[in-house]
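Enquirer: Read off the chains here:
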Amino acid sequence: MNTLIAIIGLGVLCLLFEIFDARKAIIPIAVIGLLAILGLDISEYNAAPAFYYNNMIVVGKYSTTFSALFIILTIFLVSLGHKFYENRPTKLSDFIAIKIFLLAGAVAMVSFGNLAMFFLGIEVLSIALYVLASSNRTSIKSNEAGLKYFLMGSFASGIILFGICLIYGAMGTFDITEISELSRSAELPIWFPIGIVLLFIGMLFKIAAVPFHFWAPDVYEGSPSLTTALMSTLAKVVAIATLYKLVKTMNADISPSFQLVIVIVSIASMTVGNIMALRQINVKRMLAFSGISHAGFMLMTLLSTAKSSGTLLYYTSAYALAGIAAFSVILYVCKTRENEDITNFHGLGKNNPLMAAVLTASLLSMAGIPIFGGFFAKLFLFTQTIQAGFIALVIVAVINSIISVGYYFKLILAMYTKEPNEAKIPASKVYLAVAIIAIALNIAMGLCPSFVLDLL
Amino acid sequence: MNVSLLLIILLVGAFATYFAGDKLASRVALLFSLVAFGISIALLNAYNAGANINFFKFWINKPAISYSLTADGLSLIMLLLTTALTPLIIYSSFGNEYKNAKSFYALILFMSFAMAGTFLASDGLLYYIFWELSLIPIYFIALIWGNGDTEERKKAVVKFFIYTLAGSLFMLIAFVYLYQKAGSFLIADLYNVKLSRVEQFWIFWAFFLAYAIKIPIIPFHTWQAKVYQKAPTVGTMLLSGIMLKMGLYSVLRWQIPITPIASKTYLPILIGFGIAGVIYGSIVALRQKDLKKLLAYSSLAHVGLIAAGCYSLNSDGLRGAVLQMLAHGFVVVGLFFAAEIIYRRFETRTIADMGGIRTQAPKFASLFMILVLASVALPTTFNFVGEFTVLYSLAQINLWFALLGGTTIILSAYYMLKMYQQVMLGETNTKVFADVTLHETLVLVIIVAVIFIFGLYPRPINELITPALDQIVRTLYKIQ
Amino acid sequence: MTNILNEIGIENYIFLSVILFCIGVFGVLYRRNAIIVFMSIEIMLNAVNLLFVAFSTYHQDAQGQVFVFFSMAVAAAEVAVGLAILVSIFRNLGSIDINNLKNLKG
Amino acid sequence: MNTNLALLLLLAPLLGFLFNIFFGKNIGKTASGVVGTLTVAVSFIATLVFFLQINETKEAVEIDLFNWMRTNNFRVNFGLLLDQLSILWLLFVTGIGSLIHLYSISYMHDDENMHKFFAYLNLFVFFMITLVIGSNLLVLFIGWEGVGLCSYLLIGFWHKNQEYNDAAKKAFIMNRIGDLGLLIGIFIIGSLFSTLDYTTLKTAIASSSNLDLSMISLAAFALFIGACGKSAQIPLYTWLPDAMAGPTPVSALIHAATMVTAGIFMITRLNFVFDLAPEIQNIIAIIGAVTSLVAATIALVQTDIKKVLAYSTVSQLGLMFLALGFGAYEVAVFHVITHAFFKACLFLGSGSVIHALHGEQDMRRMGGLKKVMGITFITFLISSLAISGIPPFSGFFSKDEILMTAFQHNVVLWGIASLASLMTAFYMFRLLYLTFYKDFRGTEHQKSHLHESPSLITFPLIVLAILAAVGGLISLPTNSWLNGYLAPLFSKEVHEAHHFGTQEYTLMAIAVIGGLVGIGIAFAKYIKQNQIPAEDAEITGIAKVLYNKYYVDEIYDAIFVNSINALSRFFRDYIETALSAFVFGLGKVTNEISYQGKKLQTGSIGFYLFVFVLGLCSIVTYLFLAQ
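Residue numbers (this note's numbering), protein chains in the order written: chain A, 1 to 456; chain B, 457 to 936; chain C, 937 to 1042; chain D, 1043 to 1669.
Hints in this document: simulated from the structure, not taken from any laboratory.
There may be inaccurate statements among the hints.
Below, a sample of chain B positions facing chain D; criterion: calculated Cβ distance under 10 Å [stated by the list, open to error]:
| hint | residue |
| --- | --- |
| 1 | Leu480 |
| 2 | Thr606 |
| 3 | Phe676 |
| 4 | Thr678 |
| 5 | Pro724 |
| 6 | Gly728 |
| 7 | Phe840 |
| 8 | Leu847 |
| 9 | Leu859 |
| 10 | Leu867 |
| 11 | Tyr871 |
| 12 | Gly882 |
| 13 | Phe908 |
| 14 | Ile909 |
| 15 | Leu912 |
So, partial list: chain A residues that the calculated Cβ filter (under 7 Å) puts toward chain C [as the list claims (entries may be wrong)]:
| hint | residue |
| --- | --- |
| 16 | Arg137 |
| 17 | Gly146 |
| 18 | Leu161 |
| 19 | Pro211 |
| 20 | Glu338 |
All values derive from a computational prediction rather than experimental measurement.
No residue lacks a Cβ here, since even glycine has one placed at the ideal position from N, Cα and C.
Modelling step: build the complete structure from the supplied sequences, incorporating the hints.
Expert: Given below as structure tokens:
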């Protein structure tokens, strides 16, 4: 709870800084503040589950750990902003503030104890994202991305709202603990499961799972790169974490037919995502599709909700950290370019070996090569899924990771075998720092996975 | 003596090499690889003195994965092969100038680190990790320092990477499945896990896919020739000298003992695969225009025989296979180095452009001849010992296997001598061919020495590996 | 007080709002003018709001009605953002026909 | 003492080889030649010592040097076995070897790589000794392949000429075909008796009661294939004539006297195995007889002096196999020895002729050399008489014993063999007349340079000629020292000089008459009517077939070599490409799907939402309405 309040406070503070015309200080303060909040959040980790405002917010291990992850990601994203927004100083405070409010929404989403809170959280997150997506007012692409995301997002919100409504109709309450108790009770009106499914589908849209994924590539491509980074890391992680919590709490025993739906969606997502990514020339688009396939992987955790939360945490952190690293390199490379085509990466291995190495590492991590975090993430996922008895799904997943290597390596090849097509641009300290720290964390996760795994 | 010291040295060596800078890189790398060799010798002594060499440390508790290394005779000999060939390979590259040498040599050391780990690991997942790790450096070595047209090379190398990765991912599934049966990745537990026939068959083929692609056994060999041709010779040496032995070693260490019933059931088929490889490889090798490709196919043929030995499931076959692995390791490195020597002078790998070298470079001609003879397994060379043992074990199973596998004696003589004739003999070449330099001679002489010493006195190796192999055979026939 | 649901069964409310919701959905699917698409979405949301109220009376429990306020506020915020986006699009393109927005694809 | 001496005997030539390889170039040609010769001579002396020792003690010397290889059921030591047989072989190997080394000093003197030549010769002698002296089949195999290697090196000694290289390659590969057979034989024996040691093997066979005869005869057959390869029997004989590409001393040493007799040695070694496989023995006899006849017919019309000798070697080897087939091992051995003498002498003689004519080998360009090359002529004549089986020369006794044995067992084969030996007489004297009689048919330039070869060349000729003349004494029909000497080797009692009756004498007479007839025909053709063989173009009819060796080489090329090359090309161009196309295909297909899939991503919000709703409906339908 304190975390949430602190975050909002920080957001307001950022806006105030604008008023007091201390733009220089915004990002440092924000980062420091976020670090402090991170500490606060961690301090809540070991405390017993606490309930606030008659169960509006429930702070437990799950929420704290994931909040910690969100905060870390936000720290990275905010500090990336330092360079990214350097030529739009007047808007700086808004962007940072929005990001921090977005974080507030995210935290609310994982620590909700009541569907109302959940709805608010998701809306705060989404609306902030709509703004960020279209934040580049002059660019048509950005506008289009914003509108697409907005229209489809609010459509999805409508679905979610409808779902909540039906659940409420069935249960007469928004409190998820009560709902889950009642859901175990005898006969339920048909619209309770329908409500659940609508909710589920709405969340599937948020994590961009097939067939609700179409927005992702377009929006990722159109939005400003930093926003894309945010969507593909933070937003996705939040969505999946929330979905997981929903599924876990609201109906503990998933019916086989529902499991089948999950399996199909997950297979579809990973397959479509990977295959579509093969022929992309725009890196952001490519990563969007790779994100779709990763969503498919993450959905596998829903098949064994009993004990897979640790795995989910590990997978999401590995994926998000790799994503951050990758995007900071992309930001660096495409700073001066008008688009994010692969051709821009030609000869990066010569021009800036370090950045190239980081990008390679993050791609290898996403592809699931030892000893990067991505490998263990997949490993744990497969272990759990096989124990849950879905060996066929695992085989499909493996075939998919083989396909995925195809496009990850397209980028690596571009960096190492092509000649640079323009002189090297000096790397900004911030990008470099973020990239290296992120990938270092990723590798550290790989070297001692238990640390993250055993948090949940 | 702590076994993981060896790995640490190699890893540290890799970084040291990188930071030593392009000037010193090669020497630093050589130094570290030699130290590693020394350590493995020390390990060997310790082992012979009766110490049991292992290292165990819990790593991940859920799923239970431990950092555990064990070295029995088999692992040790493979370790020795790796650590002995690495300095040799590094030293052999001294004649060449590589751009960005520091990364190059660092990658070599890193690869040898990964391969050493593969041979030592006694925890399924640790083994898998090393197995995968060894793929990354060779990928970059072949990609960045390779030769020939970039586009073609890219295609070949990526194909190689994805292909091998595909194979090993199925092995990963098998391991995960085994874990969920055994509750541990430790090799001992995996040996004891009770598997139904069907499970065994699935797991067996999953492993087979990984190893068949790595070794390679036909028809999974399509990546090989091109990559051998396109990779820098050092990379080719690493691939053919050590890396494909990883596959064969894994067959002995992991596949056969874990799935004994399946292995026994498929024995004829697998030996068939191997022997088919022998004949096919030899025949294809006959008409190759590119020297390195020819050697690649010859290697395919020899490896086929080794694989047949591995799958013969009797300790003769296993012993022969291991001996042949070592012999092949050295000889193939020597042969590729000979190709490199020619390339340094003529800047071609096309056999047609060669010939008439013997008159200009008698020393080189003699050394090359010896290598050729070794690879056709003339008695008193190391290869003969291995080939004889393997063929003998095949004869025990079925005389036809021995007969068909034995065709390698004829065919290898055919294509190797043909190659030697076209490359070395004939009217004196118009282009000048300077005879081998001192360090080239040194490399070749070391290899030749190994070939003859162990060709005449393989006994120490036999005594080292036999207990381990008998152990494997026992695990194989314990579970009926 | 007398429960209005005694005269008109809850099912009717559900059907009504479902129908409304579907109208909204179809509006979103078939109309090409961004503004109208907005409105259709608003119809969806309001359909849900209606149902909320109905349920809250049905359960004799105020939470539902409170929730309606939440959702209205949220909707308002959404519309604000949405209209802002639309304005900037209109500035750049001079049209708000969503069929013109196909630069991002493939 | 024995050990050291044996080691000396074994290693002296090896040392010579190493010395010549490393320092030969520096110390000058003659010196290296001398070194080579001396080392072989040393082994010869060592052999003599052993010979005397064995001859009195009558018991074999067995020496285990070190443990070499192992399999599950047997260990293989690097061991030496010096018994009657091996000593006997070593005697003429090292003896003739040293003579030929001596000869080569002069013969090869103009060659720049003389030191290499001697190095290879030494290496050959070393491997030959290994082959003979080894105490088990695997050590024999070392020598077996080693001599093959040396013959490869020496045939291709003039490696600038690719045809010579081809010949060398052919020799090696055909030998390898045989070697595979030998290996298979070794495998079978090893797995049957779990030993490869001659002595233990012999006792094992003698002691064991229930032998798997079928397997044993299979082993015998495989071994025989090996022998065919080395000793140039049908169907693996075609390499030997081509091997004449090598320098003449090589032909004399390797391809006449020693290496080609390895097959006979091996079979004699393993007589106790072959005795258990009578049907295989029959095959051996038949193959031998046929080979001798076929080779003889081909030799009738050859015009290259060395080719004639080569084919005559093949045919003589055939006779030896005939004897082996009848289990008359001592007879075969006897003929091996005499043949070694006169054939070596003939080759060296031809070498001396070629030397005189500066490399001319075509008999149609020779003639009348009798006057200038007296010694060569005499020695050549003696050896020719010997090979034609004219008493009292050595060939008479050995060949006669073979024919006699043949007659006792199988008259048909006897007939074939007699015919072969008749032809032998004919073509040898054809050779002799064409070369030495009448007047010279070469160029003026050659004529002006005609000369008798230097003494270094003639001396070996003389020695060998003497041996060829008197060599028969070691095994006279009535009292055979050889049979007695070899007796301990053979399980069954050597039919000790069967009492000499009319039958024997008639046979003997027939043989001699046959020889004389052959000589007579040759005399009539080439002296009386002084014909000269036609030029290649004009050869017609049966002669053409014979002249082209029944086109066997062409047939082999067509059937084996070409087909395997075609197969190789097919594999390379189609199978390989197909396989990799398949693997790439997988990638291509996914890429194509991806390419088509991109079209789904239309960018139209309407479509996206439509799919969204579609998905929603389908899920809901499946979950609720479908149930």
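Enquirer: Close enough to count: is the Cβ of B:Leu912 nearer than 10 Å to one in chain D?
Expert: holds (7 Å)
Enquirer: Regarding the hint that A:Pro211 lies at the interface with chain C, is the smallest CB-CB distance below 7 Å?
Expert: At 15 Å from the nearest chain C Cβ, A:Pro211 fails the 7 Å test, so the hint is violated.
Enquirer: Checking hints one by one. Is B:Tyr871 an interface residue toward chain D, by the C-beta closer than 10 Å rule?
Expert: holds (9 Å)
Enquirer: With a cut-off of 10 Å, does the beta carbon of B:Gly882 approach a beta carbon of chain D closely enough for the hint to hold?
Expert: The hint holds - B:Gly882 has a Cβ within 10 Å of chain D, the shortest such distance being about 5 Å.
Enquirer: Are B:Pro724 and chain D close enough, Cβ to Cβ, to be under 10 Å, as the hint says?
Expert: violated (18 Å)
Enquirer: Is the interface hint for B:Ile909 satisfied, with its Cβ closer than 10 Å to some Cβ of chain D?
Expert: violated (13 Å)
Enquirer: Using the nearest Cβ pair, does B:Leu480 come within less than 10 Å of chain D?
Expert: violated (36 Å)
Enquirer: Does the closest beta carbon of chain D sit nearer than 10 Å to the beta carbon of B:Leu847?
Expert: Since chain D brings a Cβ to about 7 Å from B:Leu847, closer than 10 Å, the hint holds.
Enquirer: Under the criterion of a CB-CB separation shorter than 10 Å, is B:Phe908 in contact with chain D as hinted?
Expert: violated (12 Å)
Enquirer: Given B:Phe840 as an interface hint, is the shortest Cβ-Cβ distance to chain D below 10 Å?
Expert: holds (8 Å)
Enquirer: With a cut-off of 10 Å, does the beta carbon of B:Phe676 approach a beta carbon of chain D closely enough for the hint to hold?
Expert: Holds, because the Cβ-Cβ distance from B:Phe676 to chain D comes to roughly 9 Å (cut-off 10 Å).
Enquirer: Using Cβ atoms only, decide whether A:Glu338 comes closer than 7 Å to chain C, and label the hint accordingly.
Expert: Nearest chain C Cβ about 14 Å off; hint violated.
Of the numbered hints listed earlier, those contradicted by the structure are 1, 2, 5, 6, 13, 14, 19, 20.
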